[in-house]
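Protein chains in written order, with our numbering: chain A, 1 to 649; chain B, 650 to 903.
Simulated from the structure, these hints should not be mistaken for lab results. Just to be clear, a hint being listed does not mean it is correct.
Unchecked claim - Each computed PhoX-like pair below joins lysine-lysine, with the alpha-carbon atoms no more than 25 Å apart: (1) K167/A with K811/B; (2) K757/B with K369/A; (3) K856/B with K877/B; (4) K757/B with K167/A.
To be verified - Far from chain A, by Cβ distances over 12 Å, these chain B residues were calculated: (5) L666; (6) D681; (7) P762; (8) C791; (9) H802; (10) A812; (11) G850; (12) K856.
Think of the CB as a built atom: it goes at the ideal place given N, C-alpha and C, for glycine as much as any other residue.
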Amino acid sequence: MSETERHSYDVVVIGAGGAGLRAAIEARAHGKRTAIICKSLFGKAHTVMAEGGIAASMGNVNSDDNWQVHFRDTMRGGKFLNHWRMAELHAKEAPERVWELETWGALFDRTKDGRISQRNFGGHQYPRLAHVGDRTGLEMIRTLQQKVVSLQQEDERELGDPEARIKVFAECTITRLLLDDGRIAGAFGYWRESGRFVVFDTPAVVLATGGIGKSFKVTSNSWEYTGDGHALALQAGATLVNMEFVQFHPTGMVWPPSVKGILVTESVRGDGGVLTNSEGKRFMFGYIPDVFRSQYAESEDEGDRWYDDQSNNRRPPELLPRDEVARAINAEVKAGRGSPHGGVFLDVSKRLPADVIRRKLPSMYHQFKELADVDITAEAMEVGPTCHYVMGGVEVDPDTAASTVPGLFAAGEVAGGMHGSNRLGGNSLSDLLVFGRRAGLGASAYVNALGGDRARPRVRDGDVSAAAESALAPFEAVEEDGHENPYSLHQELQQTMNDLVGIIRREEEMIEALARLEKLKERLPGIVVEGNRQFNPGWHLALDLRSMLLVSECVARAALDRQESRGGHTRDDYPDASKQWRQVNVVCALDGELSAAGTGSIDVRRQPLPEMPPPLLELFDRDELAKYMTDAELDGLRRPVQPQAGAVR
Amino acid sequence: MISRVQVWRGDATGGKLRLYNVEVNEGEVVLDVVHRLQATQTPDLAVRWNCKAGKCGSCSAEVNGRPRLMCMTRMNIFEPDEVVTITPMRGFPVIKDLVTDVSYNYAKARAVPSFVPPPNLAPGEYRMQQVDVDRSQEFRKCIECFLCQNTCHVVRDHDENKAAFAGPRFFARIAELDMHPLDAYPADGRKQEAQDEFGLGMCNITKCCTEVCPEGIKITDNAIIPMKERVADVRYDPVRWIASTIRRRRPSES
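Given only the sequences and the hints, what does the whole structure look like? Please build it.
This is how it looks when you write it as structure tokens:
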């Protein structure tokens with residue numbers, strides 16, 4: 001394969017969203033020659049779609065906020081299944097990461113005294129989300145993109161070459177990680193534009209590829225979200241945790257059909273939007289679970305008063321964590337109290353004047369006006385759950401973002417553990433920044449420890465030819481293989497996951513899903529691609545489908561294994577959370593190797609959840625912990641937990 | 650309902666419009682139709698898209714000759730018997746079908762000097778009033794769909810101007826930095842560069858860019874014209890030129 005285009009880097013970052021760009025910036029800051037590889041154009045990553053904000057306990061709006069309160073909220077949101085160390089690092093470091101963005105040119109909305117404004121969001125005790133209207137993700141991606149450009153300008157001045165130390169390979173898809181004796185040696189991919197192959201020699205790869213939503217029919221995710229990073233990690237021998245936990249955002253558009261699933265930001269509720277059913281009832285008051293009862297308003301009056309006086313009132317239940325709200329909406333619709341198009345009503349027009357809505361929620365105003373002929377300043381929106389985020393992902397070391405494979409790192413949505421069984425809104429953008437940076441650091445330290453060039457792992461020619469052969473297989477398929485259309489196969493996969501491993505799950509359905517996935521796997525080698533290799537979406541989808549199938553099987557197998565309901569995993573047949581299951585992480589790994597057609601089998605095992613150390617346990621009162629933990633775990637506490645008195649400093 | 654849709658098919662070596670009959674359902678946008686063509690009739694039809702919600706600026710094209718985002722163009726704005734014609738952006742070289750080479754924009758982005766953080770403020774110490782960031786925030790709404798760059802007649806049919814002309818997107822970028830309350834770049838330097846290095850003077854404010862902006866950014870009125878006015882002021886009035894350099898050095902008081 002001597003004719004294959006080849007590049008050599010210290011660190012290769014796959015994905016150019018928030019986590020990938022932050023990782024690359026950090027690796028470059030530590031003197032590493034860094035490549036950023038992305039499937040789309042630079043600046044189009046899914047991060048741009050994040051609307052609400054970046055959660056960071058800066059305390060600009062309510063000075064009682066601090067990292068401990070943020071940590072508590074995050075653990076509660078994840079139903080105590082989060083990796084405690086990730087949640088701790090995240091809560092501690094998020095403010096610095098947001099302030100850093102300002103020094104790179106970000107312009108957040110301001111408080112009256114000129115600081116970064118912060119808004120309310122589901123599950124967050126205080127106004128905590130730094131934001132720019134409802135386009136925070138765009139601000140973040142643009143800021144990081146422009147920071148990369150400024151580093152390139154530095155290199156141009158210093159070295160005469162803007163791409164000397166950091167280069168973006170846009171519209172390039174990685175299909176295989178290349179290993180040398182179990183360590184990362186490189187990555188193999190193709191240019192979308194030409195279809196030509198490209199090999200990166202690198203000892204360190206940071207996966208920052210985002211999520212898996214495109215395996216589901218109704219989703220807020222873009223086409224890029226095909227679980228590539230999850231699949232690459234499996235292929236390299238790394239493990240995935242918590243794959244059963246998939247977040248269905250409670251409010252996606254439900255009408256017209258072509259926009260079904262497009263996100264309606266949680267800010268609508270944060271800024272006062274209320275949910276009602278077809279009887280006009282604010283049904284969320286009937287869905288406050290016991291574990292949250294003391295923190296939420298009991299009456300509409302109290303909930304309404306909270307918007308003006310948060311010290312003496314409790315928050316309205318519309319601001320419960322997303323899993324709770326999504327399940328409630330699902331239940332209302334099932335009970336026949338849904339809106340005409342199978343959702344419920346979300347109305348902010350009665351709370352805020354039209355001009356304020358247009359200022360605070362400009363994208364939502366525009367989106368409904370343009371796509372659904374609905375004026376949200378005057379009427380209610382129809383909304384329903386949409387597949388939004390996967391909590392599960394690559395099992396990583398919290399401090400370094402290292403996976404179990406030497407040289408392989410992961411950050412952002414593709415990494416698992418941080419959010420436990422359910423992510424709070426706003427904790428994603430902060431996650432990207434905190435762990436993107438840590439992955440860049442971790443990868444740099446790993447490369448340093450390797451020593452000189454001679455110690456670096458080497459890519460084997462045979463692996464490159466095998467990867468090339470595998471990528472070209474869809475062009476080689478013949479009629480006898482079945483002549484499958486990649487688009488039809490994708491639709492079948494989406495329907496299967498949506499219907500059988502969706503928001504509410506039961507054993508028989510998941511077994512059925514696995515059987516269907518097995519059949520789809522058998523049909524995968526029969527995909528026939530028409531046309532040539534130049535910008536051919538049919539071929540691209542055929543390759544992305546491999547990742548989607550592999551990852552879908554992980555979701556289904558892990559979901560079948562976990563016999564309880566918790567966060568983004570609701571079992572009809574096991575409706576309650578189990579204290580025993582809270583101590584368990586379900587882990588997926590590839591059993592054996594991938595076939596030439598990119599299929600493989602998934603092995604599932606259980607392993608203990610890392611135990612939270614006493615100083616962090618003591619941030620909670622014992623009664624609350626008792627709702628989640630076994631007596632044995634509580635007995636293990638060295639001293640009695642102090643009752644929680646106001647803010648913990 | 651079945652609609653008649655023409656799509657430009659081809660590559661750098663040439664191509665032509667092809668007519669398709671395709672199903673269109675209630676509420677659908679042009680991008681839905683393109684996706685249906687891929688799934689049912691022509692799987693290798695090349696198109697860029699990402700969010701399908703008007704937020705990423707990937708699916709820019711020309712629909713019946715008008716530059717638009719395909720994801721935000723409803724099919725019901727056309728007459729039922731109207732042939733809908735979808736062509737790639739004309740301002741950039743075609744790669745394949747609806748996909749064009751937009752590298753011009755990334756080259757210009759890299760030429761614009763970056764934000765310079767104020768040397769005397771640590772992270773977390775930035776203080777800015779909302780009214781002072783409003784102006785720059787308007788330009789930061791830009792989703793980089795490059796429809797303005799595609800439309801601008803200075804370069805639309807004049808490739809020869811591209812070297813000297815950054816285009817409306819990057820005038821908005823320069824204006825955004827120029828109006829940033831804490832940017833520590835040399836006073837009036839950005840405006841001057843807009844004129845001297847990025848071709849601001851070539852713009853004759855026909856407002857085509859503003860007209861096609863899917864974010865409704867008033868590029869001409871709020872970015873280009875204020876810079877043109879200031880450049881003229883500063884150029885022709887030495888007293889104002891000195892005054893402006895002094896004014897910009899003072900740290901923000903808010």
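Comparing the hints with the structure gives:
1. K167/A with K811/B: It holds: about 23 Å lies between the C-alpha atoms, which stays within 25 Å.
2. K757/B with K369/A: violated, 34 Å
3. K856/B with K877/B: With Cα atoms ~14 Å apart, K856/B and K877/B stay inside 25 Å; holds.
4. K757/B with K167/A: Holds. K757/B to K167/A sits at ~16 Å (cutoff 25 Å).
5. L666: L666/B clear of chain A: closest Cβ-Cβ about 18 Å, beyond 12 Å.
6. D681: Contrary to the label, D681/B does not stay out of reach of chain A, its closest Cβ about 5 Å off (not over 12 Å).
7. P762: violated, 7 Å
8. C791: Given that some Cβ of chain A is not farther than 12 Å from that of C791/B, nearest at about 8 Å, it is violated.
9. H802: holds, 24 Å
10. A812: The claim holds: A812/B sits with its nearest Cβ about 17 Å from chain A, beyond 12 Å.
11. G850: holds, 24 Å
12. K856: holds, 21 Å
Hints 2, 6, 7, 8 from the list above are not met by this structure, while the remaining hints are.
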